[in-house]
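Once you've looked at the hints, dock chain B against the given chain A.
This is what each chain is made of:
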Amino acid sequence: MAQLLVVEDERSLRELYQLELESEGHEILLAKDGIEAVELVEKSPPDLIIMDIRMPRMDGLEAMGKILDRYKKIPVIINTAYQGYKDNFLSWNADAYVVKSSDMSELKAKISEILTHKKNR
Amino acid sequence: MADSGNMADMLIHATGNGIYRSIVEHATEAILLLDKDSLIHDANHRAISLLGYSREDLLGKHLLDLMEGESREEYRDLLADGSVGRDLFTQVQFRRGDGTLVESEVNASYLDGHAVVFCRDISQRKVLEEELRNLASAVRASADAVFITDTQGMIYFTNPAFERLTGYTSEEALGRNPRILNSGQVTPEFFEHLWSAILAGRDWRGELTNRRKNGEIYEADVTVTPIKDEDGQVISFLSVQRDITHRKRLERQLEEYTETLEKRVHSRTEALSKMHEISELLHSVVSLDKVLQLILIAVTAGDGFRFNRAFLLLVDENEETISGKLAIGPSTPEEAGRIWHEMSYLPKRGNLAETLESYLVSAEDENFEVNRIVHRLSASMSDESSIVVRAIKERRGFNVVNGHAHGFSRGIVLRYPGSGHTLQMDQPPAEVCDLTISRHLGNNHFAVVPLLWREGPVGCLIVDNLINREAIADASLWVLELFAEQAALAIINARMVARLERDKYRIQSAYRDLKDSKDKLVEAQTMAALGRMAATVAHEIRTPIVAIGGFAKRLSHDIRDRHAQRMLDIIRSEALRLEETLDMVLFYVKPSQPQRKECNVNELLETLSLYFAQEASEMHIEMVFQLDPNLPQVPLDDRQIRQVILNVIQNSIHAMQDGGILTIHTHPEGDWVVLEIIDTGCGIPEENIPSIFKEFFTTKNKGTGLGLHVSYQIVKNHGGKIEVESQMNQGTTVRIRLPLHPGPPGFEDGDDLGIVDERR
Chain A
1 MAQLLVVEDE RSLRELYQLE LESEGHEILL AKDGIEAVEL VEKSPPDLII
51 MDIRMPRMDG LEAMGKILDR YKKIPVIINT AYQGYKDNFL SWNADAYVVK
101 SSDMSELKAK ISEILTHKKN R
Chain B
1 MADSGNMADM LIHATGNGIY RSIVEHATEA ILLLDKDSLI HDANHRAISL
51 LGYSREDLLG KHLLDLMEGE SREEYRDLLA DGSVGRDLFT QVQFRRGDGT
101 LVESEVNASY LDGHAVVFCR DISQRKVLEE ELRNLASAVR ASADAVFITD
151 TQGMIYFTNP AFERLTGYTS EEALGRNPRI LNSGQVTPEF FEHLWSAILA
201 GRDWRGELTN RRKNGEIYEA DVTVTPIKDE DGQVISFLSV QRDITHRKRL
251 ERQLEEYTET LEKRVHSRTE ALSKMHEISE LLHSVVSLDK VLQLILIAVT
301 AGDGFRFNRA FLLLVDENEE TISGKLAIGP STPEEAGRIW HEMSYLPKRG
351 NLAETLESYL VSAEDENFEV NRIVHRLSAS MSDESSIVVR AIKERRGFNV
401 VNGHAHGFSR GIVLRYPGSG HTLQMDQPPA EVCDLTISRH LGNNHFAVVP
451 LLWREGPVGC LIVDNLINRE AIADASLWVL ELFAEQAALA IINARMVARL
501 ERDKYRIQSA YRDLKDSKDK LVEAQTMAAL GRMAATVAHE IRTPIVAIGG
551 FAKRLSHDIR DRHAQRMLDI IRSEALRLEE TLDMVLFYVK PSQPQRKECN
601 VNELLETLSL YFAQEASEMH IEMVFQLDPN LPQVPLDDRQ IRQVILNVIQ
651 NSIHAMQDGG ILTIHTHPEG DWVVLEIIDT GCGIPEENIP SIFKEFFTTK
701 NKGTGLGLHV SYQIVKNHGG KIEVESQMNQ GTTVRIRLPL HPGPPGFEDG
751 DDLGIVDERR
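Residue numbers (the numbering used here), protein chains in the order written: chain A, 1 to 121; chain B, 1 to 760.
This is chain B alone, in the form it adopts within the complex:
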C-alpha cells in the first residue's frame, strides 16, 4: 500500500488527462476521488453503479453521508485516530440511492486532505462466508457421520456423529485410513467399484456393512462425494454415513412378515378353494349316506383337511339326542402311518371326486374301530356339560389341547406379537367342559365343530390327529369351521331331498289313487248315463222301425201287385238297415259282452248271403262260397258276429263299384276258425290301413264310420283277431279268427285300436 499515496496523488492530478481518465473510468474497482473536505470530487462508472446515485447527485456528497450508522462512526473514528496521509482499510455499509444497503470493502488513501477511495462490493462474499459457517456447524451437528479424506484416503476431518457411529474420536481417526471401518464382509470388488467412481469424479452411493471400534457390525447408507478445486481437480473426498442397521432389521422383519402372511394367505386360499371344490361335490350328491361319507373323507383325505380321524354325529329329529353316525380313520397310530403312506401315492391333483371315491374304497375295511368309537360318543342333548352338546348349543367350536377345552368361534383375530417374527392366533382361555369323549377317542388333543343350519342343530364333527397326537392348529380349525357350514347345508339338502322324494312318492300314489277313483267314478257315471240313453234311444227308435218294417212285410203278404211289392221290399230293407245302424251305434255307446252259444259259422254265412244276393247281382258281383264242411262249432254271440260279417261284406261290396268277385272262405286252423272275406275291389291305401278300425274313420260319403270299429271290438270281445291285407286296385282280404276256446270276457285290453298283427 506504500504506493497508493502516490497513485492517489497521480490520479487526482491525472483526472484531467484523457488516458488516465479512461483507465480510472473503466477500472473494475469502484473509485471515488475526495477533495480535502472529503466531498466526492469524482467517481468512476463502477462507483456510480455500486452506490446507486447518478453522477450529478453523487458529486459533492460527503463520503460519510453515504455510510450507514455504525459504519459511519467507525470510519470517523478511524479518520480521527489517523492523521492525514494515512491509508485506511476497512469494511463499511453504504446506503445506496435506492435505500438498500451494500457491504463494501473500503481502501482509502488520504493525501493532503484529498483521498482516493477504492470500494469493493463484498455482499456476495459475506453471504458465502455466512453459508460456510452455517455449513460447518451443520456438519458438526449432523446426525450423519461425516469425514473427509485427502486423495490418498487419509482422514483429516470428522464430525461428532462420526465418533458416535464408529466409536473413533476425531483424534483417533485423523491421519488414518477409512479402512479402520472395514468389517471384512464387503468384497474387494465392491470397493474397487467405489474407488473407480469417485476417482473419476462421480458421486458414489450405496450400503456398506462396517465395523465399529468395539467390533460391532453396523449397516450404513454411504455417500462419497469427490471435492474438486477450481480447476476440477479432485482434492479430497467427503464421506457421509448414516446408520441404517435398525432400518435394515425392520426391512428384514417386514420381509419375513410379508412372507409369513403370503404363505398364510396362500394356504388359506388353497384351503378355501379346496373347500369350495369339496362343497360343490357335496352339494351335487343327494344321498344322505353318501354325503356323510364325503364329509368325513374330505376332512381326512390328503387332498382335504388331512385330519387323521373324523367322527360325525347327528342330532335326531326331536333334538333329544346326538348320536354317532359314521367315522373314518385308522384304529391305531401304526395303522394310521401305513394308510397315510399309502394315501400319499394317490393322485394329488385332478378329479377330486375320483380321489375321494378311491379313498372311500381303500378305506372301507379300515374304519371298523372308529365306527365302534363313534357310537360311544353319543350324548343326550340335555347334558349341558358335554362338550359336544355345548358346541351345538353355544354355536361354536372347541379346540381341546392337552385336555383343556378352548372355545373358539368365527372371527379369530390375527395379531402381531410384540417381538418375534411369526403370526399367532389368540388362544382363548380354557373352559370347564365334560371331556369324557377324550377317553373314548384315546386322545387329549381333538377339536369339536358344530354343524348348524339356520337356527337348528344338525350335528357335529370331531377331528383329531392320531398319528402324531399333536394339538390341532387354530388356523386349520378356521377352515374346518367354514367347511362345517357347507357340510351342514349338504346334510340338510340330502335330508330334504329324501323327504321330498318320500312326499313326492306319497303324493304321486295318492294322486294316482284319486285319479283312478275319479276315472272310475266318471266312467261309472258315463256308463250309467250312456246306458240310460242307449236304452231310451233303442226303445224310441227301434219300436217305430220294427213297426214300419213289420207291417211292410205283413202288407207284402196281402198285396199281389208287383210294383207295390217292390216298394214294400224297399221299406223292409231300409228298415233293416236302420236297425243295423242302430245296433252299431248302441254297441259303440255301450258295448255288451257277447252272449255266446255254439254256432256254425258256415250256417251263419249262408243265412246272411240272402241279405246281399240281390245287391251283389245288381252290382255285377259274383259271390263265391268256399266253406269248409268240417268247420267246428264256435261259441259266439250270433247277433254280434252277424253284425261283424255284415259290416265287412258291406265294405267289400262298396269297394267293387265296377263289379268283381266276392269270395267267402272258411277253414279251421288249430284252435281257431278262420273266416276270410276276399274282394277284388279298389283296395285300401297303405297309409289308411292303420286307421280303418278307428271310430268315425270313413272314406265313404255314406256310413257312420263305426262299422269296422264296432266289428273290431266285437271280434276282440270274442277273443278273436281281425286282420286286413290290401293291395291297391287288386283287392282286400279281411281275415277274422275266432277262438274255439275263448278266455273269460274282458280278457283282452279294450283300449288299443288299430291293426292287429300276427303276434297278438
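Pulled out of the complex, with its shape left as it was, chain A reads as follows:
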C-alpha cells in the first residue's frame, strides 16, 4: 500500500488511472498540472509520482525539476503520450519513462518494480 501522485491534465485519464491503480491497492492523489503537483508534494510527499509532461500552466518536466530539487528520493515515472520527450535531458532524471497506453500493464509493472526497489533500499 503506497501513496501515488498522478499528475495528469486530462480528466478522463485521471479517472482511469485512479480506478486502475486503486484496484492495485494503492492510494491515489491527483493533480491536474505541474503547479498543483508541486503544491501537493509540499503538503504531503507521496511514495511515487506518475507525471504527464504536456500540461497547461506548468509542464511535467518543470514540475519534476522543482520537486526533485527538494525531494530527491521521490521516484518519478514519466507517463506521456509522446516517446520523443525521451530525448530531452530533463526527462533523464525520471526513474522510468512509460508511453501512455490503454494497456496499463507496463505502467503497473514499473510501479511495482520501483516500489519494491525502494522498499529494499
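These are computed hints drawn from the structure, not numbers from a lab.
As the structure is a prediction and not an experimental result, all values here were calculated from the model.
Check before you lean on any hint, since a few could be wrong.
If you want the footprint, here are the derived chain B segments under chain A, 3+ residues with CB under 8 Å [stated by the list, open to error]:
#1 530-538
#2 546-554
#3 570-581
In silico lysine-lysine, DSS-like type, Cα no more than 25 Å apart, as pairs [what the hints assert, rightly or not]:
#4 B/553 to A/110
#5 A/108 to B/597
#6 A/72 to B/597
#7 B/597 to A/110
#8 B/597 to A/119
#9 A/118 to B/597
#10 A/32 to A/72
#11 B/520 to B/553
#12 A/43 to A/32
#13 A/73 to B/597
#14 A/110 to A/32
#15 B/597 to B/721
Glycine included, C-beta positions come from ideal geometry on N, C-alpha and C.
Relative to chain A, chain B alone:
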C-alpha cells in the same frame, strides 16, 4: 608607132566595114575616132564605159572638153607644139559623165586633122605606184632591220635600220651572205629548219641570237618571207629583224621576279600553315606551363620557326615588372650544332604535336644555361629605355642587327629595288635603345617581339640564332610577329582557364557549404516542426485512445456478460492497433534513437505471442516457437523492437490467408542474436523484394505501408540487420540480426533503403 598613122587611117576608113567595125568595137583598149575638128566621131564600147557617157552624148564632143584642167592645157600645148600627122603619147585626166576623174594613158595618132585615140585606164596602176613608193619609204624608215637576198642568199638590199641593228652599212652588206650575223649560238639544225620552210615558199618566224659587226650579241625576232614572181617562183627572200634583246632581258627579269615571289609566297604560306597548326595545338592546351613550353618549342623546332634560342618573358599581374620565365636553346654554339644535327633526324611531317613532344623530351636537359640567362633578362616596366619594355609599350618588335635596334611593326612593305633581281624589305633606321640584354644573350643579333592581348601587355619573346650568329631576316619576323599574337592569346587563355578553375572550385565549395547550411537549416526547421507536430498529434490522439482502451478494459472487469465482454475486447484490441499505428507514424515522422536496456528476446517474443494467439488460431495458423534457451541478453529498446516483431508477424499472418505454419526461431550467432520469422504464405514476388522496406510500399489494401520501413529503420538504429528471403507460394523468411555490442547511435547511414545483403 610608125604604123599607127596607117592604122588610124585604115580604121577611119574602115568603120563602115562590118568586120573592122566589130574588131574596133570589141577591142580591150578604149578607142575614139576624132574628126578633123577633134570632135568625137566614133567611140568603141570600152571608150564609152571609160568616159562614162552614152554613145549619143559622147559623139560630137570635143576631146579637150572631156579633159580636166591641167591635162587639157598640157594636151593643147602638145597639140600646138606638134604638127598634124604626129603621134601623141601622154597621160591625162578625163572627167567622166558622172563627174569622177579617171587617169588615162592616151596614145593619139593624128592624120589629116583626123585622129585615132587609144585610152587606157591607169588609175589602178597609179595607186599601186603610190603604194610602192610609200612602201619603199616605209621600209627605209622602218625601225625594224630589213634586208633582201636573192635565192642564193646574197644580200642586195638593206635599210638604214639594218645598219643601226647590225653595224653593217649598206655598202658593207650588199653582196654578202647573212651568215655575217651568225653568233654561233644557234644550232645548224635551227637554220636547216628555217631554210626548208622558206625554200618551200612558206614564211618563217622565230627568235635568233645574232652577232653585230662589233661582236655584240643581240636577240632578234626574225621574219623571213619568200618573194615570188608571177609564176609563183621564189625569186628572193625578205628578212625583217626586230631587236628584242631588251624585251628578252625584261622577260628573264620578270621570270626571276615571279620565281622569287612564288618562293616567298610559298615559304610564307608554309610558315602560315605551320603557324596555324601550332596555334591550333596551342589553343588545345590549357595548362599555362605547357603553353609556355609549346610556344618556345614552336619557335625553336626544326618544324617550327627554326630559331636557335627562344626566351619567354611575362609581365606580372600589376604590370610592374617583366620577368624571364622559360627558355629553350643550347648553351654553346657547339652544342647547338649537335642538337641541330640530331633534330634533323626527327620526323619532319606528320603529327606536329608528337614532334613537339619529342623535342620537349629530348631538349629537357639541354636548357639549363638558357634558363639561367632568361632570369637575367627581367626588367622593371618603368625602365623606358629597355628594349624589352619598349617593345611592349610601343607595341612593336625590334630586330637587333649587329647591336643596332631597328623597330618594325605590322605592314612591312615589299618593294622592287631599282636594279637587281631580288626583293628586299625596307630596313627602318636604327634607334637608340638600352641593349644590355645583348650582353646576357652573348649575341649582337636578336629580335624582340612583344606578346600583346588587346590593350594589355602579356610579355615578350626574344629569339636569336646562336649557331651561325647571323642577323635575323625581317621576313621571318613577319611570321614570328603573327605567331606572337597567337602565343599571347594562348597564354591569356591558359591563365583564364586557370583562374576559372580556381573560381569554379571556390564557387563550388562555397555553394556546397551554402547548400549544406541550407540543408541543415531546413532539416532543423523541418525536424523542429515535425517534432512539434508529432508531440501534438501524439497527445491529441493517444490520450483518447488510452481512455477508450483503458476504460474498455476496466469495464470488462465489472461486466460478466460474455457478449458484452467480447465487444469490450474488440474495443481494447482496436485501441491497441490504433496505438501501434500511431507509434509507427510518429517513428516515421521523427525517429527516436533506441533507449537500450538489456533484454531477453525470447521473453519479448513470448509476451507478444499473446497478441496473436487468437488471430492465428482463427486463421488456422499454427505458431511454432523454436527459442534457444541459451540466448544471451541484447541491449535494445524493447518498445521499438516489439514494434518490429509485431510488424513482421502481422505481415506473415496476412500472407497466410489459407492458414499455414508460423515458425519463430531464435539462436545466437557469434556477436549476434538472430531472430527468424518463417511463414508458409504466398511469398513476395521477386521484383517487389527490393521495395518492401521503402516507405508507403504496400500490396495490401489495408495498412500504412510504413510497417516494414519503420522496422528497417529501427533495426538499423540498433546496429542490426534485417533480411528477407522469399519463394512464391512457399513462404517468406524474415531474419533479424541484433548485435550484442552495438556501436554508438547514428553509426549507420540512415539514408539508404532497400534490401540489406550479407555484406553489410
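A quick look at each hint next to the structure:
no.: 1; hint: 530-538; verdict: holds (count 4)
no.: 2; hint: 546-554; verdict: holds (count 9)
no.: 3; hint: 570-581; verdict: holds (count 4)
no.: 4; hint: B/553 to A/110; verdict: holds (19 Å)
no.: 5; hint: A/108 to B/597; verdict: holds (19 Å)
no.: 6; hint: A/72 to B/597; verdict: holds (24 Å)
no.: 7; hint: B/597 to A/110; verdict: holds (14 Å)
no.: 8; hint: B/597 to A/119; verdict: holds (23 Å)
no.: 9; hint: A/118 to B/597; verdict: holds (20 Å)
no.: 10; hint: A/32 to A/72; verdict: holds (22 Å)
no.: 11; hint: B/520 to B/553; verdict: violated (46 Å)
no.: 12; hint: A/43 to A/32; verdict: holds (16 Å)
no.: 13; hint: A/73 to B/597; verdict: holds (23 Å)
no.: 14; hint: A/110 to A/32; verdict: holds (22 Å)
no.: 15; hint: B/597 to B/721; verdict: holds (19 Å)
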